[in-house]
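Asks: The hints should help you fit chain B onto chain A, whose structure is shown.
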Amino acid sequence: MSLRWDEAEATEIVRRHEGREGPLLPILHELQAAFGSVPEPAISFLAAALNITRAEVHGVVSFYHDFRREPAGRHVLKLCRAEACQSMDGEAFARRVLDRFNLDWGGTTPDGSVTVEPVYCLGLCASAPSAMLDGEPMARLNSESIDEIAREVSR
Amino acid sequence: MTTRFFVPRDAAARAVGADKVATALQEEAQRRGIEIEIVRTGSRGLFWLEPMVEVETPGGRIAFGPVRPRDVPGLLVVGIPIDANDPLCLGRPDDIPFLKRQTRLTFARCGVVDPLLLADWRAHGGGRGLERARSLGPAKTLEEVTRSGLRGRGGAGFPTGLKWQTVADASADRKYIVCNADEGDSGTYADRMLLEGDPFALIEGMMIAGLAVGATKGFVYIRSEYPDAVRTFEHAVLLAEAGGLLGTGTGFDIEVRVGAGAYVCGEETALLESIEGKRGQVRAKPPLPAHKGLFGQPTVVNNLVSLATVPWILAEGAESYAAFGMGRSRGTMPIQLAGNVRHGGLFETAFGVTLGELVDEIGGGTRTGRPVRAVQVGGPLGAYFPRALFDTAFDYEAFTARDGLIGHGGVVVFDDTVDMAHQARFAMDFCALESCGKCTPCRIGSTRGVETIDKIIRGERSATNLELVEDLCQTMKFGSLCALGGFTSYPVMSAIRHFPEDFDRPPVSAAAE
Numbered sequence: 001m002s003l004r005w006d007e008a009e010a011t012e013i014v015r016r017h018e019g020r021e022g023p024l025l026p027i028l029h030e031l032q033a034a035f036g037s038v039p040e041p042a043i044s045f046l047a048a049a050l051n052i053t054r055a056e057v058h059g060v061v062s063f064y065h066d067f068r069r070e071p072a073g074r075h076v077l078k079l080c081r082a083e084a085c086q087s088m089d090g091e092a093f094a095r096r097v098l099d100r101f102n103l104d105w106g107g108t109t110p111d112g113s114v115t116v117e118p119v120y121c122l123g124l125c126a127s128a129p130s131a132m133l134d135g136e137p138m139a140r141l142n143s144e145s146i147d148e149i150a151r152e153v154s155r
Numbered sequence: 156m157t158t159r160f161f162v163p164r165d166a167a168a169r170a171v172g173a174d175k176v177a178t179a180l181q182e183e184a185q186r187r188g189i190e191i192e193i194v195r196t197g198s199r200g201l202f203w204l205e206p207m208v209e210v211e212t213p214g215g216r217i218a219f220g221p222v223r224p225r226d227v228p229g230l231l232v233v234g235i236p237i238d239a240n241d242p243l244c245l246g247r248p249d250d251i252p253f254l255k256r257q258t259r260l261t262f263a264r265c266g267v268v269d270p271l272l273l274a275d276w277r278a279h280g281g282g283r284g285l286e287r288a289r290s291l292g293p294a295k296t297l298e299e300v301t302r303s304g305l306r307g308r309g310g311a312g313f314p315t316g317l318k319w320q321t322v323a324d325a326s327a328d329r330k331y332i333v334c335n336a337d338e339g340d341s342g343t344y345a346d347r348m349l350l351e352g353d354p355f356a357l358i359e360g361m362m363i364a365g366l367a368v369g370a371t372k373g374f375v376y377i378r379s380e381y382p383d384a385v386r387t388f389e390h391a392v393l394l395a396e397a398g399g400l401l402g403t404g405t406g407f408d409i410e411v412r413v414g415a416g417a418y419v420c421g422e423e424t425a426l427l428e429s430i431e432g433k434r435g436q437v438r439a440k441p442p443l444p445a446h447k448g449l450f451g452q453p454t455v456v457n458n459l460v461s462l463a464t465v466p467w468i469l470a471e472g473a474e475s476y477a478a479f480g481m482g483r484s485r486g487t488m489p490i491q492l493a494g495n496v497r498h499g500g501l502f503e504t505a506f507g508v509t510l511g512e513l514v515d516e517i518g519g520g521t522r523t524g525r526p527v528r529a530v531q532v533g534g535p536l537g538a539y540f541p542r543a544l545f546d547t548a549f550d551y552e553a554f555t556a557r558d559g560l561i562g563h564g565g566v567v568v569f570d571d572t573v574d575m576a577h578q579a580r581f582a583m584d585f586c587a588l589e590s591c592g593k594c595t596p597c598r599i600g601s602t603r604g605v606e607t608i609d610k611i612i613r614g615e616r617s618a619t620n621l622e623l624v625e626d627l628c629q630t631m632k633f634g635s636l637c638a639l640g641g642f643t644s645y646p647v648m649s650a651i652r653h654f655p656e657d658f659d660r661p662p663v664s665a666a667a668e
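Those protein sequences? They're chains A and B, same order as listed. At position 154 of the first sequence the residue is numbered 154 (my numbering), and the sequence of numbers has no breaks. To get my numbering, take the position in the second sequence, counting from 1, and add 155.
Just so you know, these hints were derived from the structure itself, not from any lab. Glycine included, each C-beta is placed from N, C-alpha and C at the ideal position. One should not assume that every hint holds.
Quick list of in silico lysine to aspartate or glutamate cross-link-like pairs, EDC-like style, CA-CA up to 16 Å [unchecked claim]:
id : chain 1 : residue 1 : chain 2 : residue 2
1  : B       : Lys610    : B       : Glu625
2  : B       : Lys372    : B       : Glu431
3  : B       : Lys175    : A       : Glu148
4  : B       : Lys433    : A       : Asp66
5  : B       : Lys255    : B       : Glu512
6  : B       : Lys433    : A       : Glu21
7  : B       : Lys433    : A       : Glu56
8  : B       : Lys610    : B       : Asp584
9  : B       : Lys372    : A       : Glu21
10 : B       : Lys175    : A       : Glu136
11 : B       : Lys295    : B       : Glu471
12 : B       : Lys372    : B       : Asp328
13 : B       : Lys447    : B       : Glu431
Negatives, chain B to chain A, calculated, CB over 10 Å [unchecked claim]:
id : residue
14 : Ile193
15 : Pro213
16 : Pro228
17 : Gly399
18 : His446
19 : Gly524
20 : His653
21 : Arg660
For reference, chain B alone in the conformation it holds in the complex:
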């Protein structure tokens, strides 16, 4: 009998040796004459356990991890049941507390199926959303998305249904669906995981969007820092075309575009410029992309997670989705625990979980074992939260009320060795490095910000310079064209407000004595 093994092909699993483990498995099985089949899945997103290997048994899959190549002989015990006393044995994956506590809707298939096998995708519910959308027709499909309460998962939180309605109402001979997979925020990897672990979900979501608004062409803009994701998704598009799901005869085409290392292209209008073959400079709005987007045509620009969630909503119904969440944040959010955290990984859950639960209980505190001092939520443009604000619920409005943002769901944990003045400086520096240069507050303000924070770090007239930084932040916040310049004030001001002791420094000459 052939035993099936599941080894992730996700970049984060490969980065810690998953390929070597797969090779070792194959070689050891051959050496011992055991028949095995290795399925390369995406990752379940429990990254501290990667490479996590699963073995198929009559009682379901059993997980082991983190597996090193030298652990492989122990995994190939002849005759199942597997030794549950093996120190690497994690039991049934779904019983691992980190997974058990989750509500996996968008990421249900990620880490479970072979991402490049249409039959596997179908066997796990793939395609049902598109089928229902086709039977409902455009108007009712759109209504489902609107009633689900889905909001943009890229960070802005704009109601997806309303955006689609605007494009549906626009009259044009050509409309586009653009998927923003330019996931540049540090601490986020949900787009990458889905592209590598369940690419057909995105294809299905884009086709539903196309059907709802009357678009026939989709672009997926993936950042160049994700070569694995580009490869897997391009392959998936070819397979979907060959399988008759996409392309000729289906009324929808998808083209993959690869970014070129510009963070600002994650801003929707800069992204459109980039696809058009121009510098990734932000456009002034209006006109909205929904009216005049790609090549001047009405365009839906959605984050990858928003689009990949649509199939579930169509398959299970708007009410089922809206039943999760709190307030105006309906459904689930794939939260990504990152940085100095013991249990780092993707945690999809209904809105409403608190930051403290996420960091302390689910994340298990820091990886270094030192106390948690600060947590940055929402990427390089997100605020730093101190422990005092750990009761903040994961919800668009709750974070806004505390001068923060949930962004794309990244949570980066820092221990007590972090220097918040350096983090504030980095925020300004990053803005200067990545500014598209179109508007003055962002282009000049960020450079002045770095210079001024440097003075504070050197202990030069701290009070006056802090005032200057605050003033700069105000100008950038209200005067910038887009969120890059506009939101840089979040990390800077939150660092100053919540960690003032890090900005109160003695002059460098005195400190040196």
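Extracted from the complex, chain A is given alone in its bound form:
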């Protein structure tokens, strides 16, 4: 997938956060929402716009799990791997999902339809195992859920 970057649009995003205390994270979230990732040109652009060093921007972008350096697939499936889901055999469920798409953690299918990522807790711990598909919560997952996920991501 090609990296999308538009300096005019990014300038507009930064402008919206003018006057905000500690604006870097909200700006990065918004850039990622707009471009699907925080691409390389964003680093020097933000350093200049916020008057901080490129190292500082790079340090922040690389520290947080959420920020991508390249866009994900059209759908993003996050499977919970934390203890509450482990107790309900979430690891075995996750393995079956990964096998279904022939992926490893963090991978994207060749057709770009879905990226599968680990997540450590979605707060759905009384209804484990759980997942999140494109920001929508799913819980009490079972074999049928795998078909449902496959249907959803093929759209």
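Replies: Just chain B, lined up with the frame of chain A:
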């Protein structure tokens, strides 16, 4: 006559089909020409019964659950009373044993009111705490919080009143209230439920805190894994501003910040760094955030549950709150039953209930029906408890005395298929994955821990390697800057101590024969 239905909008209810049930209700009512109104509430926290639908009747609300879309026609019986023989009928929600046994103070409105309706919040006692705080003034408000005995519900258990006093005594032109809603512990969802079910309670609590210490700005740091909570709370802030409760003219503003997937940002100083737009690295203390916190200013950093409990304390009085609990743990704790448990959900109760009561009686044992083998209390940094310790009372000191912690109140149940060596390995692995990298014991120790436990799992020189793991745990416990590295020893050492049989493995080659 319009019949009112209540369908939760809580993420955990949506995750099992609450939206589909709401749509089915609307469509079926339209098809049959019945006038209904659907109120989307938070969740009562009885998650094995979700989606739990409530219907308003002359005798009060009646609950049904778990409801599937295909059950909906049966719920729309024309003419009330509702059929109590319906297999999904649960009766009056307050009579359901799981709810009846609770003492709901902080979560009293959760699942009852429309979370985005100020009038509903007011009708159920919202705003009375702030009103009383305003009439008492800062000093007496602070005194109420101190006398209530409230301690930090994030896990550290630090007296809230003392923290506030320190900030109140600091002189600065700007002070902050920061709400830690970076609820990353597996097995916990109290913050999420409250943000989605009673967001105005948090706004009220933060405003009382601001009044008590002289702060005019609040930040709520919500983890990005909670998009529903972010949406609901941001909406609530706008409504509170429009309703004149918050913002212009009230002397207090709230800004929502969304995390970016770093567990360590739940540590208060890392959280402050994150709001400032930096890597979420832990700061050395001192200086305490109460002296030099956000942007170098005196800052109250409190867990969401602590802040959301303050309105009740102010409204009902410190003594009423302190009347609940045991020892130095006063008031109530929203305990979250999770994992392999039959009746998983939020159970708010006075401190003092035992772990056995929680798991066996209230939780009803495992969901798989197999025997309970281990229970992890307090998130990924909490200890694993065997059945032999089920007499431990839910109380800060009682858990400490047994080398554990109550943390944020999460209780994750495991059945007898659990492999405790794998759980110990996961604890080290999680620490390695989430370490901020600032201090060596956490950054390097956790990786060495994974490698060494892997050797034990392969049956390589078990005794020697167990000694090494114990030594590593000691170094991490006493040498780490914060609780991430410091407390990883709890799950690891408790697994080794209470379940030694899982660490005594034959060499892999022998096992394969």
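Asks: Now tell me if each hint is right for this structure.
Replies: Tested hints:
Taking the CA atoms of Lys610 of chain B and Glu625 of chain B, the gap is near 14 Å; set against the 16 Å cutoff, the hint holds. Distance check on the hinted pair: Lys372 of chain B and Glu431 of chain B sit about 14 Å apart at the alpha-carbon level, within 16 Å; holds. Of the pairs offered as hints, the one joining Lys175 of chain B and Glu148 of chain A holds, with about 15 Å between alpha carbons and a cut-off of 16 Å not exceeded. Only pairs whose Cα atoms come within 16 Å are accepted, and Lys433 of chain B paired with Asp66 of chain A is accepted, the gap being roughly 14 Å.
Taking the CA atoms of Lys255 of chain B and Glu512 of chain B, the gap is about 15 Å. The hint holds against a cut of 16 Å. Using a Cα cut-off of 16 Å, the hinted pair Lys433 of chain B and Glu21 of chain A holds, with the two alpha carbons roughly 12 Å apart. A C-alpha spacing of about 8 Å is found between Lys433 of chain B and Glu56 of chain A, which places the hinted pair at or below 16 Å, so the restraint holds. This hinted pair checks out: Lys610 of chain B and Asp584 of chain B have alpha carbons roughly 14 Å apart, not beyond 16 Å.
For the hint linking Lys372 of chain B to Glu21 of chain A, the alpha-carbon distance of about 11 Å falls within 16 Å, and the restraint holds. A hinted pair counts as satisfied when its Cα atoms are at most 16 Å apart, and Lys175 of chain B with Glu136 of chain A qualifies at roughly 13 Å. About 14 Å separates the Cα atoms of Lys295 of chain B and Glu471 of chain B, which keeps this hinted pair within 16 Å; it holds. Only pairs whose Cα atoms come within 16 Å are accepted, and Lys372 of chain B paired with Asp328 of chain B is accepted, the gap being roughly 12 Å.
Between the alpha carbons of Lys447 of chain B and Glu431 of chain B the distance comes to roughly 13 Å, so the proposed pair stays at or under 16 Å and holds. No beta-carbon of chain A comes within 10 Å of the beta-carbon of Ile193 of chain B; the shortest separation is about 20 Å. Every CB of chain A is more than 10 Å from the CB of Pro213 of chain B (nearest about 32 Å), matching its label as outside the interface. Distance check for Pro228 of chain B against chain A: the nearest CB is about 23 Å away, which clears 10 Å, and the non-interface claim stands.
A cut-off of 10 Å between C-beta atoms confirms that Gly399 of chain B is not in contact with chain A; the least separation is 24 Å. Taking the minimum C-beta to C-beta distance to chain A, about 19 Å, the non-interface status of His446 of chain B holds against the 10 Å cut. Non-interface status of Gly524 of chain B relative to chain A is upheld: no Cβ of that chain comes within 10 Å, the nearest being about 13 Å off. Against the 10 Å criterion, His653 of chain B stays outside the reach of chain A, whose nearest CB is about 16 Å from its own CB.
For Arg660 of chain B, the shortest C-beta to C-beta distance to chain A comes to about 19 Å, beyond the 10 Å cut-off, and the non-interface label holds.
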